[in-house]
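S.K.: Residue numbers (this note's numbering), protein chains in the order written: chain A, 1 to 355; chain B, 1 to 486.
Mixed in with the good hints there might be a few duds.
To be verified - Derived CB-CB ranges, DEER-like: (1) A/G126 to B/R157: 39 to 45 Å; (2) B/G49 to A/L139: 38 to 44 Å; (3) B/G10 to A/D251: 57 to 63 Å; (4) A/T65 to B/A221: 26 to 32 Å; (5) B/N262 to A/Q309: 52 to 58 Å; (6) A/T65 to B/N262: 39 to 45 Å; (7) A/R16 to B/R11: 24 to 30 Å; (8) A/R16 to B/T278: 48 to 54 Å; (9) A/G126 to B/N414: 56 to 62 Å; (10) A/R16 to B/T399: 56 to 62 Å; (11) B/N262 to A/G126: 33 to 39 Å; (12) B/A226 to A/E305: 36 to 42 Å; (13) B/R157 to A/T53: 26 to 32 Å.
Note that these hints are calculated values from the structure, not bench results. In this text, all values refer to a predicted model and were calculated from it rather than measured experimentally. No residue lacks a Cβ here, since even glycine has one placed at the ideal position from N, Cα and C.
Letter by letter, the chains look like this.
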Amino acid sequence: MTDSFSTVRLRDEAERAEDLEDLRALLARCEQVYTSWQREFSRLLDESGLSYTALAARSGLSRGTLRRWCRGGGAPRCRSEYLRLAFAFGMTPAETDVLLTRYGGYPGLYPRDRFDAACLFLLQRGGARYEDAEALFSLCERDGEPIADRTASAAAALRTVATQEEFLAFARRSGVISGAHEPLRAFVEARLHASGLDPVTGESLSVHALFSYERIPARFEKDVSLMLTRGVVPRRERLIALGLRLGLLTDGLNELLALAGMEPLCAKNRVECILIGALQQLELLHPELSLDSAAKLLGAANSPELSDQCRALLSECAAREYKSAPEEIGSAAEYLRGVLRDLAPEEAGELLGFL
Amino acid sequence: MERLPEPLWGRWYLGEQLYAGESTEVYALTLRGSPGRACVLKRIRVPCGRADELARVWDSVRVQERMSDCGGAVAIYDEEQLESPGADGTPAFWEVLLRMERPDCLAELLREGTQFSEEEILRLARDLLETLVFARQLNLVHRDIKPANIYRAPSGRWKLGDFGVCARADGPALASAAGTAAYMAPEAAAGRSSGAQEDLYSLGVVLYQLLNGGFLPMTGADSTYAETQNSIAARLRGARVPPVRCRSRQLRRAVLRACNPNPARRYSGAAQMLADLTPRSRPALLPACACLLALAAGFAAARLSARPRQLSPDAVSTAAPAAAAHSAESASQSSSAVPAAVTERTEDGSGETDVVHRYEVILQPLSWLDAKLWCETRGGHLATITSAEESAQVTELLTSAGAQAVWLGADNRNTANGFTWVTGEAFRYAEWGPGEPNNDGGTEYYLMLAHSQDEGWVWNDSRNDGLAMFPTGTGGFVCEWEGDAP
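When you get a sec, could you build the whole thing from the sequences and use the hints?
M.R.: Shown next, in the form of structure tokens:
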């Protein structure tokens, strides 16, 4: 599809949708614009001019797998398969991140992870295969000095690395990653704390108690635990679902995704396009939802910046005297569940399961 | 999707699933107990309530049926519409079932690494152009020609499929961009549709890709993803493609012209491109005649190159170039030959991939037939002018050479349908003077470019010895070479 129907334009249209019917009409009109792995992979393969055999040889994936993705649907089942393709197609790190985050739902390449750093180094140099990244990774020393670098400075340092020797020196310095995804953890912790906050006693529930109280499936608890203890980022759909369960709206979700190294809500994804439209309506019709979460968050805020943000939102609401739509809705997640079930029951299946 | 009630249409059973897309599935169909004819089931699903979408599906089916009348689209044998229930038992989807012939998809053939011979590529081009000529008669534009929509029937005939985004050439739908970026014409990407010429560009890119070993223009086996995307974006912005490697000059030129970013410089329609790719039936020459002609040509060439002088207009003979050369009198006047290489630069500006037209103005008042021979014995041909740019290039040369009238490479001796270029290029672009061509006297068969005070440089039809009426030193002809200089 051409840029004439860009993601930006699509997002604008989704945000301007007045009601669900508008949104439905938009979805119908843009059928061909939405991303699907089958379509994207066929495009990548066809534009590269490579045959199944040639791509199989370059990527280390089987011809049968590649053929299946083109003909019968199905998608890569692990992050490394996306990485193999990125190497085989000669992508840059930025293009690889799109593949990982938009199509795989995985976090993008993370410069503070040694293997990801090896991928970043080789992708930006070009002409390498996935196996080269594995080989380079195996050369890295297992132990090294902990690094205190921020992600951005690690990425910047990595960009200046030109030779394998320099890379190994970089990897030695980043040998033990401490504080990986620290901002993401802080963000999630604050929201968890706010969600579990008892307005009377001022005490907060534990994650486990909160999840059982809210009847959130146990697998989320595992995601959250992995994220908080080891900095492991869950896949995109789960992260979005978790955000919605924690009462996040558009801005909050986008912030969460950005901290996880992912793109903001993408209008070219059918489900996310619905979310963009529906969240926008929700925020306009039910400002009490954002007010409510801002008020809760203020109580649980663990940083002055966050407290300021909440206060700003609250005073803006007070100044404009927002009025809610008459009908009652339980929670954002509940509302969105209804919308998704109505508009895209098949594609949203996984997300609905989490909601 | 729900399981379908079998047998379909009374006798067909679902076989292997060949393709599963978001709303479309394709299955092989078999007759119970026998392999049966090779056919497939295409199953298209539309959510209930989307009546507009359903109508669009049926519209594209109708177009496909009409197009298959000329053999140019995948044939549909049976069709049916069902309602399939959702989880709660109420109808959730409309399903359009089509039983169709089972061809091979070009995209899949390419993915399997199939290499195509030039003959096969030429066949594909002709088959699809015939289909597009037919589409033109129905006033339709396909708008999404790409390997995934091109099929090879068991008979070997190439066909088009998927008329989903096709539109009436004059319809309002053309205002929006449709199709696939890699094959989209620059004007379509910019939202300025050129109608049927969009399809020619897309077909040009497909042909280019096939001739280029399966790689899109300006890409190859070692192109990175960014290089490929940049090349596509550059074409959408109007970059020209370099000539493709191809033994047949005819095919190479046709592909290059179809891929011209400027729709006005492309073929005017599929019919014109088809004519260019169809072998011209030349009047058969007896071998002896051919020998004689070759001898005469050689002799004339030798004489002319030995004495590059202007000939006296009176002495110009229509019959024997040699005799004309003999009677050359004005030996003191020098010839005026103005060579010029006009190069079409490609995007990257590299010299290797340039298309070179080299023009030369020869101020010798030969007859048209002699001038044609003169050019051909030197590996060129009388110049053809197929666009305003080429015209401007030639007239500039003529002005600087001080010419007043020159022969160009077109005539209408043997055709009832007007002028044809000596190269077989379609005769589309013209700059006739007022009232021309008029075939005054019934023997004006040859194309002359002449200058007058009032009209500037204009075309007229002239007699074989038409240069005789111009002052010496101002009449001649323009010879053109393509590719490397002779």
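S.K.: Evaluate each hint against the coordinates.
M.R.: Hint check:
no. : hint                         : result
1   : A/G126 to B/R157: 39 to 45 Å : holds, 43 Å
2   : B/G49 to A/L139: 38 to 44 Å  : violated, 59 Å
3   : B/G10 to A/D251: 57 to 63 Å  : holds, 59 Å
4   : A/T65 to B/A221: 26 to 32 Å  : violated, 21 Å
5   : B/N262 to A/Q309: 52 to 58 Å : holds, 54 Å
6   : A/T65 to B/N262: 39 to 45 Å  : holds, 43 Å
7   : A/R16 to B/R11: 24 to 30 Å   : violated, 52 Å
8   : A/R16 to B/T278: 48 to 54 Å  : holds, 53 Å
9   : A/G126 to B/N414: 56 to 62 Å : holds, 58 Å
10  : A/R16 to B/T399: 56 to 62 Å  : holds, 59 Å
11  : B/N262 to A/G126: 33 to 39 Å : holds, 34 Å
12  : B/A226 to A/E305: 36 to 42 Å : holds, 37 Å
13  : B/R157 to A/T53: 26 to 32 Å  : holds, 28 Å
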